[in-house]
Each structure stands twice: as C-alpha cells, then as structure tokens.
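*Asks:* Listed below, chain by chain, are the residues.
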Amino acid sequence: MTRYLSLWLPSLATDRISRHSAAAREAPLATIAKVRSAQRLAAVNRAAARHGLKPGLALADARAILPELACCAVDEAAEAATLAAITDWCRRFTPLAALDPPDGAMLDITGAAHLFGGEAKLLDEIEARLATQGLAARAAIAPTPEAAWALARFGEARVIPEGDREEDLRRRLGALPLAALRLDAKTLADLAQAGLRRIGDLILRPRAPLAARFGKQLFVRLDALLGHAKTPITPRFEAPAYLAERRFAEPIVQRETIEATIRALAQELALLLVRQGEGARQLDVSLFGVDGRVRHLRAGTSRPLRDPAMIARLFREKIEAAGNIDERDPLDAGFGFDVVRLAAEAVERQDEDQAHWLGAATQDDLADLVDRLGARLGLRRVTRLDLSDTHWPEFAVTAVPFSASSTHRHGMDARHKAGHDVQAQSVLSTRPIRLLTQPEPIEAIASVPDGPPVRFRWRRVLHVVAAIEGPERIAPEWWKHSALTRDYFRAEDSEGRRFWLFREGLYETETAQPRWFLHGLFA
Amino acid sequence: MQGSGKAQQISLLRREMAGIATAPPAIVARAHVSLGAARLDRLLAGGLVTGALHEITAAAPGDTPAAAGFVLALAARCAAARNAPLIWIGEDFASLEQGSLYGPGLALHGIDPARLVLVHAANAKDALWAMEEALKCRTPAAVIGEIYSAKLYDLTASRRLVLAAQKQGTTGLLCLAGPVRAEALSSGAETRFEVRARSSPHAASAGGRTPLPGPAAFDVRIAKARAGPAAFSIDREKFHPVFWSHREVLFRDALSLPLAAIAGDGPDQPPQRRSA
Numbered sequence: 025m026t027r028y029l030s031l032w033l034p035s036l037a038t039d040r041i042s043r044h045s046a047a048a049r050e051a052p053l054a055t056i057a058k059v060r061s062a063q064r065l066a067a068v069n070r071a072a073a074r075h076g077l078k079p080g081l082a083l084a085d086a087r088a089i090l091p092e093l094a095c096c097a098v099d100e101a102a103e104a105a106t107l108a109a110i111t112d113w114c115r116r117f118t119p120l121a122a123l124d125p126p127d128g129a130m131l132d133i134t135g136a137a138h139l140f141g142g143e144a145k146l147l148d149e150i151e152a153r154l155a156t157q158g159l160a161a162r163a164a165i166a167p168t169p170e171a172a173w174a175l176a177r178f179g180e181a182r183v184i185p186e187g188d189r190e191e192d193l194r195r196r197l198g199a200l201p202l203a204a205l206r207l208d209a210k211t212l213a214d215l216a217q218a219g220l221r222r223i224g225d226l227i228l229r230p231r232a233p234l235a236a237r238f239g240k241q242l243f244v245r246l247d248a249l250l251g252h253a254k255t256p257i258t259p260r261f262e263a264p265a266y267l268a269e270r271r272f273a274e275p276i277v278q279r280e281t282i283e284a285t286i287r288a289l290a291q292e293l294a295l296l297l298v299r300q301g302e303g304a305r306q307l308d309v310s311l312f313g314v315d316g317r318v319r320h321l322r323a324g325t326s327r328p329l330r331d332p333a334m335i336a337r338l339f340r341e342k343i344e345a346a347g348n349i350d351e352r353d354p355l356d357a358g359f360g361f362d363v364v365r366l367a368a369e370a371v372e373r374q375d376e377d378q379a380h381w382l383g384a385a386t387q388d389d390l391a392d393l394v395d396r397l398g399a400r401l402g403l404r405r406v407t408r409l410d411l412s413d414t415h416w417p418e419f420a421v422t423a424v425p426f427s428a429s430s431t432h433r434h435g436m437d438a439r440h441k442a443g444h445d446v447q448a449q450s451v452l453s454t455r456p457i458r459l460l461t462q463p464e465p466i467e468a469i470a471s472v473p474d475g476p477p478v479r480f481r482w483r484r485v486l487h488v489v490a491a492i493e494g495p496e497r498i499a500p501e502w503w504k505h506s507a508l509t510r511d512y513f514r515a516e517d518s519e520g521r522r523f524w525l526f527r528e529g530l531y532e533t534e535t536a537q538p539r540w541f542l543h544g545l546f547a
Numbered sequence: 005m006q007g008s009g010k011a012q013q014i015s016l017l018r019r020e021m022a023g024i025a026t027a028p029p030a031i032v033a034r035a036h037v038s039l040g041a042a043r044l045d046r047l048l049a050g051g052l053v054t055g056a057l058h059e060i061t062a063a064a065p066g067d068t069p070a071a072a073g074f075v076l077a078l079a080a081r082c083a084a085a086r087n088a089p090l091i092w093i094g095e096d097f098a099s100l101e102q103g104s105l106y107g108p109g110l111a112l113h114g115i116d117p118a119r120l121v122l123v124h125a126a127n128a129k130d131a132l133w134a135m136e137e138a139l140k141c142r143t144p145a146a147v148i149g150e151i152y153s154a155k156l157y158d159l160t161a162s163r164r165l166v167l168a169a170q171k172q173g174t175t176g177l178l179c180l181a182g183p184v185r186a187e188a189l190s191s192g193a194e195t196r197f198e199v200r201a202r203s204s205p206h207a208a209s210a211g212g213r214t215p216l217p218g219p220a221a222f223d224v225r226i227a228k229a230r231a232g233p234a235a236f237s238i239d240r241e242k243f244h245p246v247f248w249s250h251r252e253v254l255f256r257d258a259l260s261l262p263l264a265a266i267a268g269d270g271p272d273q274p275p276q277r278r279s280a
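Taken in sequence, the protein lines are chains A and B.
Each residue of the first sequence is one higher than the last, beginning at 25 in this note's numbering.
Each residue of the second sequence is one higher than the last, beginning at 5 in this note's numbering.
Please note that the accuracy of each hint is not assured.
[What the hints assert, rightly or not] Here are the simulated PhoX-like pairs of lysine-lysine, each with C-alpha atoms no more than 25 Å apart in a straight line: (1) B:K10 - A:K342; (2) A:K254 - A:K240; (3) A:K342 - B:K228.
[Stated by the list, open to error] Residues from chain B shown here face chain A by an in silico Cβ test under 7 Å; the list is partial: (4) P108; (5) P117; (6) S203; (7) P215.
By construction, these hints were calculated from the structure, which means they are not laboratory data.
We put the CB at the ideal spot given by N, CA and C, even for glycine.
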C-alpha cells in the first residue's frame, strides 16, 4: 500500500524573507507584484492577514489600511529555489521527494513512517522541524497524492488511515470543499453557481451531465483523489539503486565522526552490492543538517566499485578538496548533521575478473589511483590520450577522461599501432613531444619565399637555424574545416633547441604573404 | 710467536668475514635501471635508482623542452623493462607555457601513449599531492611530475615524495619547469640532473646546404647524487653529452658515436614497432 505525504507551506513567500528573525516574523509583511500596471499584493504573512490584508489587494489600498506594512518584490526564482531546498531537505525522511509547486512538496513515504514512530509522529516532526527553520507548514498523509494534497490544505484530520474502506474514504473526503480538487478558479465559480460546494456533492451525482457542462477534468481529478486512477509523482531525484543511512539523536559535527560514519555506511552498502553482483559507478553522500541545509558530495568511479575502504577514501578526498575552499570547516557543519546517507546512484555489473593488459590486480591498483585523484581534482582532470584518424596536428590527439570507458582502450591500441606503421614509412613524419595549445605566430626570415627559414624570432628570442628538415606538407581536411595548407619544418637552432614550425598558405596560390607559426617543441 | 700471531690475525679476519657474510648488509642493495649510456651509468653506479625520487631542472628557460624530453626518456627507460603504465602529472601553467604532451611525438620518443595516464593539476600543490598519491601505488613504472613553481617544493615536500617512492618501490621523476637554480634546491631527492639542449649529431642534407637535425641530444649535469660509492667522484660541474635513441629506447654516449651510424638510424623509427 503506497502512502503519500503532502507538505504545504502556506506562507512560503513571506517566510522566505523573514524566516531568520523572530521579530520580523511578527511584523506585517507582503510581497508585491505588478498586475495589469498596478502594484498588488501577491502574498501576505499572518500578521498582515490579521489586519485584513489579502493577496490581490492593491498596494495603495493596503498601505491605507496598514501604513507600517513592509513590502518586498516577488522573486519567483528565489521562491522556487527555497522550495527546491526544502524538498531536498525532505529527502531525509524518504528518498522519494517531489516538488509540488508553487508552495508544497509531495513525498512517497511508503514504509518509511515506522522509522519516526508512526505517521502521526512523522507529521509532527516535519512540522516542528520546519517551524524551527521559520517556516509555517502543514502536512497530511493519505493513500493518494491528491487526497494528501487536499487534506493538507483543507482537511481537519491529517491522516487517512491505511486500509480505510471505500465508504470511509468518501465520507472523509466528501466533507472537503471542491477547491481541494485543484480546479481552476473559473470552474470553481461555475460549480458554486450550480450549488455544488463540497466533494461529497459530486460523488453521488450522475457523471455524464456534469462532465458535459464542466469538463472531463472534474472527474479525472475526482477519480485520482479516490484512488480509482493512479497518478505517479515525479521525484526531484531518482531513488538510488542502493542506499544506507544513519540517523543521530545528537547531531555530529566532527569531520572524523562523519568520515567514520561514511566508512560504516560503505560497509553496509558493500553487502547490498555484493549480493546483487554489482558495483557502484557513482556514489553520493547526503549530509542533512539540523538547520535544514543539505550537503551533497558526489564521487564518480572509473570502474564498478564496492570496496568499503576505497569508497571511504574517495569521500575523504572529496572532503579534503572541499577543505581547500574553507580550511577550518570543510563541510560547513553548522549546528551539525543528524542524517548521513550514502547512496549508489549508478551501478554496473561487477564481475570478479576482467582481462586486461595489466592484469586484474594491477588494473585495480591503477583504477583506485585514478578514482582517488579524480575525487580530489575532478575526474575530467585524469585523462588518457586518444589518437584520432586524422593527420591535422591539432586533432590527431585528444585527452579524454580516463574513466570514460575502459573497453575503448583496446580499440585505441590497435588504431594507434596501425597509424604508426603508416607514419614510420615516411622519413619526415617526426612529431614533437609537446604541442602548443595554439600555433604561435613567429617572425621568420627565409632565403626564398617558399624556402625553409634561416632565422626566426619566437617569444622575443631570436633563433638561428642550424639544421632543418622539411617541408612536410599537411593539407587541411577541407570536408571538416577550412584552413590553409601548412608546410611543416623541424628546425634546430644554433644552441641545439628543436622546434616544429610551419608556414601557412602556399606561396602565390593561396597567399601572397605566407605567415609563419611555431607549433611544437622537440626534446 | 710471530706465526701464531699471524694465525690469530687470520682467524680474526675470518671471523670478521663470517660476520659480514651473515649480518644484514648495512646498505640494502638497490635496484637500478641502466640508462644505456656507459658514462652516465658509471657515474650513477649502475644507473637510475628505482624506488627513489629524481629531480630534473633546465639549465636555462629555453632548455625546458629538453628537460621534459630527458624526463620522458628516463621514464621510457623505467617502462622499457616492464609492461606498466606511466603517470604524468602536469601543472596547468607548465603545459600552457610549453604546450601539452603530444601523443604521436611521445610514440616517436619511445613512450607508448596508450600506457600513459595524464593528470592535469591546477596548481603546484595539487600536482605534488597527486604525485605522492601516485607514488604510493605499486603499478606505475614511473611517476612524472611537472611543476612550474618550485616555491612549494621544499625539504618537507620532497621527503614526503621520497618516503612514498621508497615504500612501494615506484620511481618518481620531478621536473621543475620554471626558472630554478639546481644549486638553490634543498631536497631529499636521490639525484638531480640539470639538462641543457645539445646540438644533435647532424646528418648532411641531400642538397648539401643546411644539415638535417638528428635524434634528441642532451648535455646532462649531475648536480646532486646521494651517498653511494661513486658519489664523491662525480664532477658536479661537468656536462655529459648523451643522445636518446628512441628506437632502442636507451641513451647513448654522444662522443663515442660514429656519425655514419646515426644517419642510418633515422630519427623517425618508433621503438618496439619493428619487432611487432
């Protein structure tokens, strides 16, 4: 039996602004937006509502009623961000938490309530915790998302018990106003005019005439509410494949404690992974702060991984990397974390032995190193060279993340060898050990316009050519990019330094004034 | 009396010898990788010590590519005997200045690009950290670090690397790509090489005008060598000319080389591929 918890934050817009000070929460506050060239109230807090202010009222009128009203422009982006943060925080109760804009969240709490001492206790805990964060909230639990939504906003009771019979459900929900069906204002007004006010008024009526008059939507909603049609929720984050978590009565602050917790969780996770014959490719640690903040640490791996020591080490590097930004408190624990969760977000089959040119043990050793370096520096910074089938120097080789694919490597080996045999046939096919990011223009003096350079100046230093080999003509791949033909030379200056130069453009056919560039350096 | 004295002396010596034979050697015999060039090998008492840290500096700013080439050649020597990967850890700024490693060129230099792990470190601190981590790993044939600024690289930093290298027996090669005087460094490294570009043994060009450049050639000075039988005999001021034969994947003494041989070698032939 699926259970849904709907969370409603009735004064999200104003709470967002005044949540951090108790005094501010007591002062009347409203957010304002421009509606048809007039400044109108978009949301009001409780203090303002007490004076009779309502959303939709013109600002001038509101000021006339309550001169000390504080105003703030509506900031939809900030409100959405706050809602997202709260939804994220809700994941401490269940991994399946969906946004329910504009002012709510929907949680799938199937099988989670017992962790908090039952559904009533869970509701209390959510509301109380949000209250300490300065957020007014009301939550309700029901077997369908729609029923939970309706109950949170319009209901007296907060829970529709599990295993409630159909008629009980109808009785409970029938008492709610029609607005609980999430209908638009016009339909609601039309229904009111027809004398229909409560959900119970709809349930027993013949459907056809009502549907013809008010639209099908009415009964789609009603069926969803009563659980006749399933409407899945879209969680903000996918539920992880595997997870392990720990809850603390006393929040933890110390980095050592957090690391020890992650290590213990990694052990639990490893058991789950071993049982399924899988390994993690992406791991997330979520640290839920008592102050409502959630910290996420994410580590990718270059191959399926389940070794607890290795996982713990990856996250140690992550925390270390965070420490580079703030040395004192790398995790910014604040008042401490009371839920720590380790999840394997992506998994892959992990077979015991994999054939590889290095042998399984050495390959693991290397993969461990790559993951560790990647956790601290970023996986994109650990690369290998991939040779491409092109003779254009800039494109001949690219650095690709080492973790990208391990099967790919064999293919590259073969390609690399093939390319090599072709190159080996030519006397001129020498290539530098380093290639500049961009060819750098140089001043070169050649004895004849299409001849090799005699002297050249690079980065303000004059080099006299003592030995030279070339030209090796490299034509652009016209089907890929437009460029001029290059004549490459391998030049050695009088001091024994060796350079890779080219003249851009064929003299007289492509350009009248060929330019010279330095592209690479030899040992 | 005299006879018994001699016998006594002999038995004393015998006992001493027995003691030497059974006692663990004071200096653990260390593994070396021969560089190929007889002179360098002799000076280094057998070659490059593995499981240790070696530093490489450029004699002048313009010699940085030569220093990088020398480091790569050393790494290729380390990898020649083993089917193991090489790890290159480069500071971003150094590759911005000198260009990034170029696969086809590495292959021609004697290094298989498919067995190279390239790590891009944002700064010297990250590079040194990554190098230490990599040295703690048993797999790599050698770990090469290239840092631009030697500011962070002090005695403590070098000792950390030395300890990591000793523990697993992995060889560390640290290339200081920025301006630094070899004598100003203070570190726990095993050896320090200062490298200068050297005119290659030229081959005459077909036209008979400008000659063709030959294989990579270096002037190498051993600026530092830690305790060892040969350490005292090294002339630390002297540059030793060597050239790199990428086809054989080893160094050759440049002076003993007959010129005709190089011309036949051809600068382009990759290593290993011929036999493959």
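*Asks:* Hint by hint, note whether the structure agrees.
*Replies:* Okay, the hints, checked on the actual structure:
1. B:K10 - A:K342: Given that 25 Å is the threshold and the Cα spacing comes to 71 Å, the pair is violated.
2. A:K254 - A:K240: With a Cα-Cα distance of about 17 Å, the restraint between A:K254 and A:K240 holds, given a limit of 25 Å.
3. A:K342 - B:K228: Answer violated: A:K342 to B:K228 is near 38 Å, above 25 Å.
4. P108: Since chain A brings a Cβ to about 4 Å from B:P108, closer than 7 Å, the hint holds.
5. P117: Holds - the Cβ of B:P117 comes within 7 Å of chain A, reaching about 4 Å at its closest.
6. S203: At 4 Å from the nearest chain A Cβ, B:S203 passes the 7 Å test, so the hint holds.
7. P215: 5 Å, holds
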